[in-house]
Each structure stands twice: as structure tokens, then as C-alpha cells.
Amino acid sequence: MSPPPPIVRVRRVEGAPVVAVRLWLQAGGRQEPISGQALVTGRMLTEGTRRRDWRRIAEEAEGKGMILQSSGNFESIGLSIDALAQDWELALEWAAELLLESTFPEDRCAWIARQAAAELESLTDQPEMKTAWAFLEQLYAPHPRSRPLHGSRESLLGLTPADCAGFLRRARAHGALAAVTGVIDEDAVGERLLQLLGGPPVDVERYPEPAAPAGLSERRVVATEAEDQAHLYAGHLTVPRQDPDYAALEVLAVILGSGAGLTGRIPARIREKEGLAYTAYAQTVAGSGLDRGRLVAYVGTSPATVEQAERGVAEEIARLVENGVEDAELEEARAYLLGREPFRRETARQWADLLIEAEEYGIPVDDFAHRKAELEALDRAAVEHAARRHIFPDELRFTVGMPGQSEALRNRQISVEANT
Amino acid sequence: MSRRPHVAALEAPASLKSLPGRLRLEQLENGLSVCLLANPQAPIVTTTLCYRAGTRDEPPGHGGAAHFLEHMMFKGSARFGPGEIDRLTQALGGSNNAFTSHDATVYYFNFAADRWTEALAIEADRMANLTLDAEHVGSERQVILEEIAMYESEPWDALEMAVHERLFAGHSYGRQVLGSRDELLATGPEDLRGFHRRFYRPDNAVLVVAGDIGDDEALAAVERTLGSLPAGAEPRRGFTPPVTLPASLERLERRKGEVARLLLALPAPHGSHPDHAPMRLAVTVLGGGRTSRLQHALVEDEQLCVWVTADLSESMDASMMTIAAEVVPGVEPARVEARLLELLEDLRRRPPGEEELERCRRIAAADWVFGHEKVHQQALSVGMALTLFDLEHLDLHLERLLAAGSGHLLEVADRYLRPERGAVMGWSLPKS
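Residue numbers (the working numbering), protein chains in the order written: chain S, 58 to 477; chain P, 174 to 605.
One or more hints might be untrue.
DEER-style ranges, computed between Cβ atoms [stated by the list, open to error]:
#, chain 1, residue 1, chain 2, residue 2, range
1, S, R112, P, R366, 33 to 41 Å
2, P, N302, S, E146, 51 to 59 Å
3, S, N380, P, S445, 55 to 63 Å
4, S, D164, P, A185, 23 to 31 Å
5, S, V261, P, S445, 54 to 62 Å
6, P, L183, S, D164, 32 to 40 Å
7, S, R112, P, D587, 23 to 31 Å
8, P, G234, S, A426, 51 to 59 Å
9, P, G503, S, E248, 46 to 54 Å
10, P, G234, S, N130, 44 to 52 Å
11, S, D164, P, E431, 50 to 58 Å
12, S, E398, P, E338, 38 to 46 Å
13, S, A375, P, E431, 33 to 41 Å
14, P, A185, S, E379, 55 to 63 Å
Simulated coverage check for chain S against chain P, where a stretch passes if three residues somewhere in it have a Cβ under 8 Å from a Cβ of chain P [what the hints assert, rightly or not]:
#, region
15, 64 to 73
16, 393 to 401
Hints in this document: simulated from the structure, not taken from any laboratory.
Note that beta-carbon positions come from the ideal geometry of N, C-alpha and C, so glycine has one too.
Okay, chain P solo, but in the shape it has when bound (with noise of 0.2 Å):
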């Protein structure tokens, strides 16, 4: 007989080779998943609950709602009054936060190890009673659309809000994650109730404790806490994959500011697809410090550019590689574009050798292991993985990156970097 009748392990290994730390999975009766990280590297604990509820799952005419409500939940719940949360926070010598996605919304906590368990009174609160007094609604719209105004403002986040709109037009990845004033002034409390009520249920949620624990004792915090809540959340809609991308280069243009930046963006395969992995080692082919493909030419050698970044985002449904960069005052725009393109192209058709690939393998596992020192980073990384993934996509993820070769790198860059198949160019540039 289980010591814990309500509570199902589920199969998961005991540690991860890509983060420290000792590792148990469970879940409790009403759905709710939790992991349990226990690495005592200093005395704190970081708890992270991950709603399976983004920007993708707003519903049409709501834009906005999914952000909206994260900031509702610091606006009152039942036990906490409006402003409360962050006062309790403070009392304790912690700190909160919470982040939107298109995929998911995380709320966070980090607390001395002896007094860590309050995060789950608050979370439970606001899981099961959240008030959505009607002025508070209105007056965090208006905190909101300063909010959009302050993103407006910023070139550089103007420019990747318009792109990102160009690159998934017609999915709701091309959705603004703030949404837009006309969609927020017709969301008011009853729609957050509803989006709250379809999806904030520990059926729902992921739940990673991490840090100076023992996981025995946190495991019962949880279930005295959180496990008397009921199920119920709405199916979420699964896996869709956009429609409709670009099918050439597309380009967009903004005059903003007195410095050309460029952004341009191209689909790339979703997160756990095994493609991903290699796109990653050709990120950092391009862009991985001061050695890299892009980096070296449009920076080092030949100076057209101040700065030059690759990304890939991680995503459920499709992800984005991106390339950034602002160009030197008096190199002509049209001069850095055509380079860029033609360093893309030259990725094909020189593929690195081993010694550039064993550089870059060392250069993601530095990045790997120097953006996990902190519990804070390795709890949010593990609720990401079981939200969107399953907790083997972490080591998973790391091994097949270090073990791509050049073969693999070939063929990704000829799936995916080929901006004339389909990509948006995003200028903006100065005004006069």
C-alpha cells in the first residue's frame, strides 16, 4: 500500500544529467503535476507554477486576456487583498514575479528554505478564488496600455512585435502577447473569469519546487495545500502548426528613430521536433560569440554592424530563428541585408568543420551551464519542459545539440535557412 494514496509517481529518472540536483516527479489526485528539485547549493527555494494557458488559448475578440489575467492575479484573491501578495512577499525577504506566452503563463516565488511554503497558500488562493472586482479590472487595463505604449516607444521592441505579427499572420503566435487597446478595453471581468475558470485548475499546472528542500516534506506542503483543489480544467487545444507562413521574403519597413536595426525572421521546427536540437548548433554557428559566422563578418572584419544576434525561440506549435542587428551609422542598409543573405547562403554551401562545430558545442554548453547556476533558472527550465515538453526534452534537447554533426547542420540549414522560401525582413529605419 502507497504511503501516499493520492499521490501517483510518475516515471521519471532521479536526476537529469543537464541540471543538477535530485529529481521526483509526482501527481496529485486532482491532476496537478509537481516536481520536486532538491539541490541544496544555497538555503533558498524557488517554486514556479506553470498554467498550460498562453496567448494561443484566448478566445477570438479577447487578445490580451491571457496577460491580462496574470496581472489580475496579484489584484485580490479570497485570503489576499489587492496589493497583498507582494506585501507578504517583501515581509518574507522574497521576491515574485509572473511572464506571459503565447504558451504559458509562469508565476514565481523565491524564498529563504524555511519559510518557502507560503508561495503555495498564495497560489492556491488565487488558483480557486480570485475576486476580479470590476475597478480593479479597469485600472489594471490602464496600467496595461501603458504598458503597450512603453513597447511602442522602444524601436527595437516595436520592430519584433511588427515581425513577429508578419511572420505567424493568421496563427496566434502572430497574436501581440499584450494584445491590442481595442481587444483590452472589450475584456472585462467576466472574460477573465472565464479564461481563469477553463484553465487555472491543477489539471492544468505544473508545480516545480526547487532548491534547499527535502522532498518528502515539500511533497506533503503541496498536497496539504493544493490538493484538496478541484479538477476540471478544459481540454487544451493540441498541437497546430501554422497554416499559412510567408512564402518569399517578405519585407517590412518603419521609420523610427536615427539608427538602422534589422530583424529578420524565419519559421523554424517546434520545440521537441528533432530538428530543433541541430537548428540550435547552427544558431550558434552564425551567432555564438565573437568567432561566429556573423558575428566575425559583419562585425569583426568587416564593420558594418554595431552588434549581430541569432536566437531560436522554443515553441510548441512552430518556433522563430531570428537575427538581429544595428547597422553602423553611414553603411547603407541594402549593403548589410545583402551580405547577410549571402553568409545564410554560405552556411549551405561551406558547412563548418569539425573544429568550428567543436567550438560551438563548447560555447552551448558553456551557455547551458553558466544560464543554470541559479535554482531560480533551473526551476523555471524544468516547469517549461513538462508545460510544453516532458521533462526528458531538457537532457534530451542538450545531447542531441552536442552530439549534431555536420551532416545534420546541412541539412537544417537547407530546410530552414533559406529566407527566400519564406521569412520577414524587418527594417527600421532612421527617419531622416
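Extracted from the complex, chain S is given alone in its bound form (with noise of 0.2 Å):
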């Protein structure tokens, strides 16, 4: 099938003389046949079209004062550039070269997939992304979400740049996305960047859509590097961005941890009164888009404590179900959601991100009255309904990094093998 036709969104922002481009393809990590094959492809957008090498592309992009950049991430590929606003037409014409005449030559897709394989292997090192991952792998398996972005190094060195060039080609598909922002004359900019996008239509076939996630067991401990931390997650699925309640479940993630500084019932309880942690939040729609979001309650804390913290969540989140929330504490959340939506509009860079997610999942988070009154609609009934609806206590999943080394991790371990 041919491609849908590309969306383009553009807005003058005054303010620095700078120009955002963003393009983006609408496929990812979640529907890449090999794992780690959507973050090696996007990044390799970056390594050499049919025009220039790798070291061309950068220097003349630095030559400019510009920041290119290509990724890949779970629901897409593609670009950002963020250039002086004289040079908007260059950065259309560039973005539209490296998203369609990349050539993915053998040797960078090599380093590409080396070097994402040594930065797996790095943030495995670190104590609480390892844990991290276990506890996503934990909610999520089997949908790809379960794993990280990178894949496996496995899977990371197989990949060829046949892999890289069938995916760009798929996810064509998919649809693009592209946005410019910043000191531009807007008609201009969309008339360019029409041009540059439109082609001949490809014959080509989307992906399927991922398994559904399913989870595992529901306690986890894993062994970390650290050297007297352990790190708590606590949660299970909720839902995704275009869900109905998803404003609701906004509020409720404020309510518990996820608002302005300690504020939330899980941080007061676990750092403000109890002094168990540094770090301790909650959020409700942590990561939700084309999938479903999770409920997530993170702590870190040293192994002694960690059950008092583990008792300490829960209880929280079972107190939120069952008494309901405060009408202070909705007037409180709902005046901090509504407060930070003109920090999200400040510069070109925010704006071209804001329109790229209201067109990805159709919904006009870029309007502001919109969103105001989306908010000014949610009452008690309705936040108390959505908690009940998405929030289940009973169904909590545990996951605890726990220093490799330590007396704790050893008697849970003893623990365990007792129970099996």
C-alpha cells in the first residue's frame, strides 16, 4: 500500500532566532522485526545519503552552528534539527536528504550497532537501570516494551544495513510526521517542506502491531553493583495516551508523587516523614503512548529499609483507592497541571515537540484551552472513578535492585529458595 501523505504542522514562535525541525516516521521499536533494529536504524540516518559521508554531514552541520540529530525510539524514527532561523531551508533540505536518500554504509552500521551495544552493556552497570529494565520486563513480556530499546548485544551486532534500509522502508508506511517551529514565515516553510516530502508513492506493507503485554511473576529481586542502595519500582499497567481517563489519571499521579518538589502523598510519606530516601516519586501514565502506560512508584533506599518502603507504597496507593482524594488536593493538582503548560510553550524547540505529539496520537495537547478545560472538567467523582477504574492494589508487581553483596539480598535469596 502507498504511504499516507506526510503531516506537517508549522508555527511561528518569537523568541531566540532559531528554527526546530522535526521529522519523524511513525514506526519503532515496537514493531521492529529484529530487536534494537529501530534505535541502530534511526540513528544511522545521520551516517551518509547519497551525497555525503558521515564526517560532511557533520562538519557542515557544525559549520552552521546546527544540532542534528537522529534516533530511533519505541514508536519512531527520525530527526531533529535546531538551527540559527537564517538557515530554515537549509535544515528542511536537510532533513528531507537524510530521512530520504540514506544509504546506511557497511562500516558506520557496524560502529552504529558496536556502539549501542557497549552503551547497553554501560547502563547495565548502573544499579538502578538494571533494575529498571527487570521490572519493565516484569509488566511488560512479552510486548517489546519488556526489553530495552537497544535489544540485546546479540541482536545489536547481527544487524545489517539491509536490516537498517528495510526498516526505513517500512516504516514509511507508518506515515511521517514533520513540525517546524521558531522565527519563520510559516507559509513559506510549509510550501518547502511539501515540496522537499513529496515523492512518488511507494508500494509498501505496515508492520503488524506487537503482542500484547502479559507481565511475569510478581516479585522480583535483582542484584545490583550498587555499593548500599537499594532501588524499589512498584506498579503494573494502566493505560494509553489516548484513553479517556488519561487526564484523570494525570491528577491522581500529582496526588501521589509526581507534582512540585515532595509534594506528593508517596514522597511525603516515604522522605518527608519517614526519611527512608532522596529519591522517592510516583507517576500513573509513566510512559504511555501508542501502549499502555504503568503505574510506577520508585524509591531509593538502603537495603534495611527497603520492605518499610515496599509497605509504605502500597499502603499509599491502597489509601488512594479506597478513601478517595481530597478536594484540596484535586484544586492543588489540577492548578499544578494547569501551571506548568507555559513552561511546555516557551521556546521553538518545546512548540515543534508539543505539535509532533499532538499529531502522533490525535489529541491537541498543543491548544491550551483544550487542556484547560479538559482539566476544569474532572471533578472528585470523576478523578475518584478513574483510580478505581486503572489503579489495583491487589495487583501491584514488585521489583528490588539490591547490591549485589549485601546481607539482605542473601537472606532474600534464602528466602526465596525456602518458598520453592
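Two independent chains are provided; combine them into the complex using the hints.
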């Protein structure tokens, strides 16, 4: 089938004399046949085209003071270019060249894959990250979100230029989103971008949807390289970005632990009242997008107090569902979410990302009036209803990262062995 | 006769070349420096209150006191009980935070333009009437001990702390901002009160109000809220450069994790030294962008490192240039180290030509523009410049950086980029 025509959003943003260009194809890690394929394909977009090799691309961009990045994530692959406003046309031309004329040179593909494999190893070395990945696996397996975006060392090192070219080709079937913002002439930019992205239709097939998440066992303990700190993650899956209860869940997230400073119930109890942690927070729609997001509470604490933290988190989540929210909490959360909006619209770069988000999920997040109406429509009953509908204290899953040598880990392992 | 007899306008440019907005610098009678940066790019206002007090000002035996006090500034004052600052911030739809460095402690609020003055009320109350309740001090100490554990568990943080300590051993910059466990246990409410009394006074502080403000109204609000607080800060220790620095390339090795990580730290000139800006350009030549010398050689061409960065701090007494890299598994760390030292030497032997320099100037200028798009970033830069240096520092630094030529660069490379004359090469090596 032919890819849908590109969706182009353009907006003049006064301020610094810059232009922000975003160009994304709507297929990513969630559809990739080989794990790590989207990440490497995205990164390869700046590694060579029919006209220029990676060196020339980098030299010419840096010579203009441009910030040029390409990447792949779970939902898309593409490019972002931040440039001085006077260079807007060049930025558009380069974005189109990189997306449409990439050649995936073999030597660069081998290096980018090797580099990603090394990054994966480094990230695994970091205790919090290692625990977070174990938690994601616990929640999402066998869905692609259950593993790192990087995939595995083996999958990365097996990737070829043909794999990247193939992924890019099929990603085009999912459609392109473009946003250009800054001190620009909107009409001229829109017209030029459509010229550059137009082309003969290509017969390509869309990727199938990924496997649904099922999750793993209820509790996991992983050994980490930490000196003397345990990492606790607790939660379960909630809703995708387009769910009608998304805004109510955002309010619940603020009440639970993602608002200003240490105001949420979980940081207030874990850090302010019990002094157990430096970092404690909670979210209800973390990672929510095309796929379901998650309720997640995180605490970094001493191995000796991890059980106390675990109890505190579970009790606060249960209390939220059982006793509901207070009027004052609801008003504060609403005010916080509304008050944040101007800070999401300050720069051309933020506007570009906002426009892409709006198109990606079909939600007018760029329209402040819509956002305001959506939040103001929420009353206590609606928020409590959303809590009962999407938050399940009995279904919480826990992942604990423990220092590999800690006594607490040894005790836990003994207890797990005794249970089995 | 002045319209505001108790406010003195300080000599300052009406605007900076390096930042957008209209500028006004005043001093209240109690000594508080007030900088108003009117920039209506969005309907928001950032207030930044910077105290000239950081780790370098701590009394002996109480390392970590400046940072401890920063935490306690959110734990209760006469009008705002524990946690109330955050609750009020949230109810007003804003955000807040604070940070402590060796040179200063900084508090900030971001609010919509129609409600920002609440930040002033909070700052005034905790400057004048901080509670420092013993029970809360004890509980917050525990939180900071967890913060220390967090940094010690992360491989890069742990390496950075160890290298920093070694490079500036004997100087207050060698002390950890968080302090040590023993020092924290020895620091109680009275010690914190003493630090607060000495330094948290209007005549030792700089307030920046930036964003969508009318400057007359903003100044009136500042005067009303903070103008009656008493002065009385103790004089701060002046410029105190490190007396002893490493005289050769010292090595430091830790075993952690499965990846080799390198951090080379070299002493560099303090932030207002004329060599600092050319050094920034040298750092860009080495590590700014994919075409920079280190990135090109170590990452893209020879593929020895997964990534490499070069950075330069900007401090009062002395700065530090750092080069950090993560080694590709299977590559011998010694090979990376030798190549890195060669590339530093190469900068002296083969200084950049005009084309390379011009590219680096553009990268540095773009970094500056993109790094100051937000009002919050503008407020922080102005606040830190006024706290540590002066307002002209921002323009001057950028001008010097963009004017530096190959000759300047060669001079600073010869003066500062010689690890064999004194530096710390820190390695975090795989356990296995």
C-alpha cells in the first residue's frame, strides 16, 4: 500500500532567532522484527546519504552551528535539527535528504551497532537502570516494551545495512510527521517542506501490531553493583495516551507523587515523614503512548529499609483507591498541571515537540484552551472513578534491585529458595 | 530627589549582548542586589535567589553544612511549615528547587506571571525566620545519607567525586558538596543556624527576577517583601586559589561494574581569568561536536570509545577541565589513555587552523543560544554571574571566546593542557 501523505505542522514562535525541525516516521521499536533495529536505523540516518558521507554531514552542520540528531525510539524513528532561523531552508533540505536518501554504509552500520551494544553494557552497569529494566520486563513481557530499546548485544551485532534500509522503507508506510517552529514565515516553510517530502508513492506494507503485554511473576529481586542502596519499583500497567481517563490519571499522579517538590503522598511519607530515601516519586501514566503506560512508584533506599518503603508505597496506593482524594488535593493538582503549561510552550523546540505529540496521538495538546477545559471538567467523582478503574492495589508488582553483596539480598534469596 | 530613596541603581548596561531582555540592576538599602530581566517571551517569571555561600565557606568539621542547610530551607520557617513551600508552589501551578555548589547556594521558583510574587514572601520568611527544628534536622540528615549512597552507587558519580577530591586535595574544592557521613552526624541545628546567620543575609545575596515583568512593579514588590530584612552578613573569604595541586600526572583507580570509564581532570584558570574563555574554545576544539578532535579520533575513526566529552567548570578560586570517556568493551584502557594524551599534545603541536576555529566558534555560539532559550536558564546565568563575578562577565566571556584566535589557543593549551605537569587520571575499571 502507498504511505499516507506526510502531516506537516508549522508555527511561528517568537523568541530566540532559531528554527526547530522535527521529522518522524511512525514506526519504532514496538514494531521491529529484530530488537534494536529501530534504534540503529534511526541513528544511521546521519551516517551517510547519496550525496554526503557522515563526516561531511557533521562538518557542514557544525559549521552552521546546527544541532543535528537522528534517533529511534519505541514509536518512531527520525530527525531533529535545531538551527539559526536564517538557515531554515537548509535545515529542511537536509532533513529531507537524510530521511529520503540515506545509504546505510556498511562500516558505519557496524560501528553504530557496536556502539549501541557497548552503551547497553554500560547502562546495565547502573544499578537503577538494571532494576528498571527488570521491572519493565515484569510488567510488559512479551511486548517489546519489556526489553531495552537497544535490544541485546547479539541482536545489535547481527544488524546489517539491509536491515536498516528495510526498516526505514517499511516505516514510511506508517506515515511521516513533520513540525517546524521558530522565527519563520509559516507559509514559505510549509510549502517548501511539502515540496521536499512529496515524491512518487512507494508500495510498502505496514508492520503488524506487537504482542500484547502479559507480564511475569509478582516479585523480583535482582542483584546490582550498588554500594549500599536498594532500588524499589512497584506498579502495574494502566492506559494508553488516548484513553479518556488519561487526564484524571495525570491528576492522580500529582496527588500520589509527581507534583512540585515533595508534595505527593508517596514522597511525603517515604522521604518527608519516614526519612527513608532521597528519591521517591510516583507516576500513573509513565511511558503511556500508543501502548499502555504504567503506574510506577520508585524509592531509592537502604537495603535495610526497603521492606518499610515497600509497605509504605503499597499502603499509599491502597489508600488512594479506598479513601479517594480530598478536594484540596484535587484543586492543587489541577492548578499544578495547568500552571505547567506555559513552561511547555516557551521555546521553538518545545513547540515542535508539542506539535508532533499532538499529531502522533490525535490529541490537541498544543491547544491550551482544550487542555484547560479537559482539566477543569474533572471533579472528585471523575478522578476517584478513574482511580478505581485503573489502579489495583492487589495487582501491584514489585522489583527490588539489591546490592549484590548485601546481607538483605542473601536473606531474600534464602527466603525465595525456601518458598520454592 | 530619587523616587525610591532606599534603592540605589547600580551601574549596569540596559541589556546584554549575550541574553535577550531589558536589564536593570538595583541595590536595596539592606544590601540585597536585585537584577530585573524583563523578557516577555512567555507569560512566566523565574525568581532566583543566590547566596554567596557554598561548600568553600563551611566551618572545619562540618563539611556538607551548606548543602544540609539547603535541604532545611524547605523544612519550615515562621510562616511556612515543613512541606508547605512545596504545597504552595504546587497550588499555584509552579515549580521550585535549589542546588548547592562549592561557591554558592541557589534557590529558584518558576511561576506564571500573575502570581510570581509569592516566591518573594517565601524567600523573605526563610531568610529571616528559619525554624531548624531538631527532629526535622535528624530526619533530613537521613535523607542526605541516602543521597550520598545514591551517588556512591552510580559509577560515574563515584568516579567524579574521587577525582575531584584528589585534584583539589587541601582546598575546599576537594571536599564533597554532600559532606561525609561523619561530618553530617557531627552537624546539628545549632551549626546550621550559625551558617544561616553568617551568610543568609540580604547583603550576601543576589535576587534575579526574570520574565514577563514590569520592572517598576517588580522592584516595588521586592522592596516591600525583602527591603526591611536586616543586613549583617559576615564577610566571605576572598579569592583563595589552591596552594597545592598535583605536580605530575597522578593516577586513581577504582574497580566497579563491567565497563571501563575514564575521567581526566586538569586544573584550569578561575572563571574571571582572561584565559578562561580561550580555554572554553580549546575545550570545544577537543570535544564540541562529532568533528571535534577527541570525538573524531577516539569515537568515530578509531572506535576506541563509545563516547567522549570535554568540559570546563567556571568557579571562583580555580576551575577544572575534565575529559570523560567510556571505553568500548574489549579495548585495552591503556591504549585509550595513551591516545588521549597524544591528542592533547597534538593540540599544542598542531593548533587549529581558521576553518576549524570558526566551526568551533559557531558551535560555542549555538550552544550559548540554545542553552539560554528559557527564561529559567537566563535567570540562572545572570544570577551566577552576579554572585561569583559581575554582570558584564557574561558578555565579556562570550566576546573573548568568539575573539580567541589560534595564538590564544596555543598559549592556553601550553599553559593548562599538560597533564604531565599536574592532573588526575581517574579510572573506573571492570571488576572482572
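How the hints compare with the structure:
1. S:R112 to P:R366: 33 to 41 Å: Between R112 of chain S and R366 of chain P, where Cβ atoms are some 60 Å apart, the hint is violated.
2. P:N302 to S:E146: 51 to 59 Å: The hinted range 51 to 59 Å holds for N302 of chain P and E146 of chain S, with Cβ atoms some 58 Å apart.
3. S:N380 to P:S445: 55 to 63 Å: Roughly 57 Å apart at Cβ, these two residues keep to the hinted range, so it holds.
4. S:D164 to P:A185: 23 to 31 Å: violated, 55 Å
5. S:V261 to P:S445: 54 to 62 Å: holds, 59 Å
6. P:L183 to S:D164: 32 to 40 Å: Since L183 of chain P and D164 of chain S have Cβ atoms about 59 Å apart, the given range 32 to 40 Å is violated.
7. S:R112 to P:D587: 23 to 31 Å: 29 Å Cβ-Cβ, so the 23 to 31 Å window holds.
8. P:G234 to S:A426: 51 to 59 Å: holds, 58 Å
9. P:G503 to S:E248: 46 to 54 Å: holds, 51 Å
10. P:G234 to S:N130: 44 to 52 Å: Roughly 49 Å apart at Cβ, these two residues keep to the hinted range, so it holds.
11. S:D164 to P:E431: 50 to 58 Å: Roughly 27 Å apart at Cβ, these two residues miss the hinted range, so it is violated.
12. S:E398 to P:E338: 38 to 46 Å: holds, 43 Å
13. S:A375 to P:E431: 33 to 41 Å: Distance hint for A375 of chain S, E431 of chain P holds at roughly 39 Å.
14. P:A185 to S:E379: 55 to 63 Å: Holds - the Cβ-Cβ distance for A185 of chain P and E379 of chain S, about 58 Å, lies within 55 to 63 Å.
15. 64 to 73: With 3 residues close enough to chain P, the hint holds.
16. 393 to 401: With 7 residues close enough to chain P, the hint holds.
Checked against the numbered hints given earlier, this structure breaks hints 1, 4, 6 and 11; the rest are met.
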